[in-house]
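Student: Sequence:
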Amino acid sequence: MRYDWLAHYLFDSIDEVQEHATQWLWAYNNERPNMALWDITPQQKLVAVAYPLQVAFFVKGGITNAY
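Take the position in the sequence shown, starting the count at 1, then add 579; the result is the number in this note's numbering.
Calculated from the structure, these hints are not laboratory results. This structure is a prediction, so every number in the text was calculated from the model and none was measured. There could be a bad hint or two in this list.
[Claimed, not checked] SDA-like, lysine to any residue: derived pairs with alpha carbons at most 20 Å apart: (1) Lys624 - Ile593; (2) Lys624 - Asn613; (3) Lys624 - Arg611; (4) Lys624 - Glu598; (5) Lys624 - Glu610.
With the hints as constraints, model all of the structure from the sequences given.
Tutor: As structure tokens, this is what we get:
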């Protein structure tokens with residue numbers, strides 16, 4: 580995380596750092612597909628694991644059930 584954004588910005592306060600970190604973490608877990616998770620987001624994987632029989636999610640090439 581430090582090399583991703585912390586070293587690229589100058590912050591005026593610790594609150595500003597916290598806000599930026601919170602936004603980055605949310606985007607990392609909810610918007611960024613992860614190749615290790617079959618190009619879904621960590622949030623989508625969490626939902627698929629929590630509700631394996633009710634959730635279908637998009638995987639490259641089509642839709643599959645999350646078993």
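Student: Decide, hint by hint, whether the structure agrees.
Tutor: Hints, verified against the model:
1. Lys624 - Ile593: The given pair, whose Cα atoms are some 32 Å apart, is violated under the 20 Å limit.
2. Lys624 - Asn613: 10 Å, holds
3. Lys624 - Arg611: 12 Å, holds
4. Lys624 - Glu598: 25 Å, violated
5. Lys624 - Glu610: Between Lys624 and Glu610 the Cα gap is close to 12 Å, so the pair holds against 20 Å.
Hint compliance for this structure: hints 1, 4 are not met, and every other hint is.
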